[in-house]
Amino acid sequence: GENVEQHPSTLSVQEGDSAVIKCTYSDSASNYFPWYKQELGKRPQLIIDIRSNVGEKKDQRIAVTLNKTAKHFSLHITETQPEDSAVYFCAASPGDKLSFGAGTTVTVRA
Amino acid sequence: DTEVTQTPKHLVMGMTNKKSLKCEQHMGHRAMYWYKQKAKKPPELMFVYSYEKLSINESVPSRFSPECPNSSLLNLHLHALQPEDSALYLCASSQARSGATGELFFGEGSRLTVL
Numbered sequence: 003g004e005n006v007e008q009h010p011s012t013l014s015v016q017e018g019d020s021a022v023i024k025c026t027y028s029d030s031a032s033n034y035f036p037w038y039k040q041e042l043g044k045r046p047q048l049i050i051d052i053r054s055n056v057g058e059k060k061d062q063r064i065a066v067t068l069n070k071t072a073k074h075f076s077l078h079i080t081e082t083q084p085e086d087s088a089v090y091f092c093a094a095s096p097g098d099k100l101s102f103g104a105g106t107t108v109t110v111r112a
Numbered sequence: 284d285t286e287v288t289q290t291p292k293h294l295v296m297g298m299t300n301k302k303s304l305k306c307e308q309h310m311g312h313r314a315m316y317w318y319k320q321k322a323k324k325p326p327e328l329m330f331v332y333s334y335e336k337l338s339i340n341e342s343v344p345s346r347f348s349p350e351c352p353n354s355s356l357l358n359l360h361l362h363a364l365q366p367e368d369s370a371l372y373l374c375a376s377s378q379a380r381s382g383a384t385g386e387l388f389f390g391e392g393s394r395l396t397v398l
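Top line first, the protein sequences correspond to chains A and B.
So the first sequence is residues 3 to 112, counted in this note's numbering.
So the second sequence is residues 284 to 398, counted in this note's numbering.
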């Protein structure tokens, strides 16, 4: 099955700085890569996703890049704000089911 | 309505009890899921229903029994649980058949404590 590794496990950034989270996957058949954000005590929510036919996608302050050759994808958050503090999960799917990374706890310092 | 509603929000049960978790969505999604989440861990897939039929069972112990009475409802029946089953149980739904290629909409979860 698909195995997703996510780094770092924790990330502390100054407000206004950028945050980058990286994930690698094992199954070359994976073609869908979503990112979920889970605030403390809340449900996971999709923040951005990318499919294998594109290399980059942006939505305001967040962007995701995908390198299919190297089997890795990254989440970039620019101009971080206190409300960006949360746990972020990457995931990958070859089409049957989603495999999640272990998560990154992001703390934005004021 | 883009909500997935789960009840109860909190549940405490003994190892000999029988209880049920309930989940409801009115988005017309035909795939529904149960996930288990331990603290500071990612959601762990338990069951997938597609068009009201069980399509994936991730080798979950039989003390967990899912049921999909109709396209809007999903239940998880609990019996003879162990303390290590204490966790947040998340229900989710998706438009895609498997949800593996489209957005999952999660409920707020039912926090289960087994004494």
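Be a bit skeptical, because a hint or two may be false.
[What the hints assert, rightly or not] Here are the in silico distance ranges between beta carbons for each label pair: (1) T396(B) - A104(A): 22 to 32 Å; (2) R346(B) - Q16(A): 44 to 54 Å; (3) N340(B) - T71(A): 29 to 39 Å; (4) N353(B) - D19(A): 46 to 56 Å; (5) T290(B) - T80(A): 44 to 54 Å; (6) S28(A) - N340(B): 32 to 42 Å; (7) T396(B) - K73(A): 36 to 46 Å; (8) A31(A) - G311(B): 36 to 46 Å; (9) M298(B) - S54(A): 28 to 38 Å; (10) A104(A) - S342(B): 13 to 23 Å; (11) T80(A) - T299(B): 48 to 58 Å.
[Said to hold, decoys possible] Below, a sample of chain B positions facing chain A; criterion: calculated Cβ distance under 8 Å: (12) I339; (13) T384; (14) L387.
Hints are computed from structural coordinates only; laboratory data are not their basis.
In this text, a Cβ means the ideal position worked out from N, Cα and C, and glycines have one as well.
Here is what the structure says about each hint:
For T396(B) and A104(A), the hinted distance range of 22 to 32 Å is satisfied, since their beta carbons lie about 24 Å from each other. A C-beta distance of roughly 47 Å is found between R346(B) and Q16(A), which places it inside the suggested range of 44 to 54 Å. Checking the proposed 29 to 39 Å range against N340(B) and T71(A) shows it holds: the Cβ atoms sit about 35 Å from each other. Between N353(B) and D19(A) the CB atoms are about 49 Å apart, so this pair conforms to the stated range of 46 to 56 Å.
Evaluation of the 44 to 54 Å hint for T290(B) and T80(A) yields a failure: the beta carbon distance comes to about 39 Å. In this structure the hint that S28(A) and N340(B) lie 32 to 42 Å apart at CB is violated, the actual value being about 23 Å. At roughly 39 Å, the beta carbons of T396(B) and K73(A) sit within the given window of 36 to 46 Å. Look at A31(A) against G311(B): about 29 Å separates their beta carbons, and that is not inside 36 to 46 Å.
At about 46 Å, the CB distance of M298(B) to S54(A) disagrees with the hint of 28 to 38 Å. For the pair A104(A) and S342(B), the supplied restraint of 13 to 23 Å holds, since their beta-carbon distance comes to about 20 Å. About 53 Å separates the C-beta atoms of T80(A) and T299(B), a value consistent with the hinted range of 48 to 58 Å. Given the 8 Å rule on beta carbons, the hint for I339(B) holds: about 6 Å separates it from the nearest Cβ of chain A.
Residue-level restraint check for T384(B) holds (minimum Cβ-Cβ distance to chain A is 5 Å; threshold 8 Å). The beta carbon of L387(B) is positioned within 8 Å of a beta carbon in chain A (closest approach about 7 Å), and the interface hint is therefore held.
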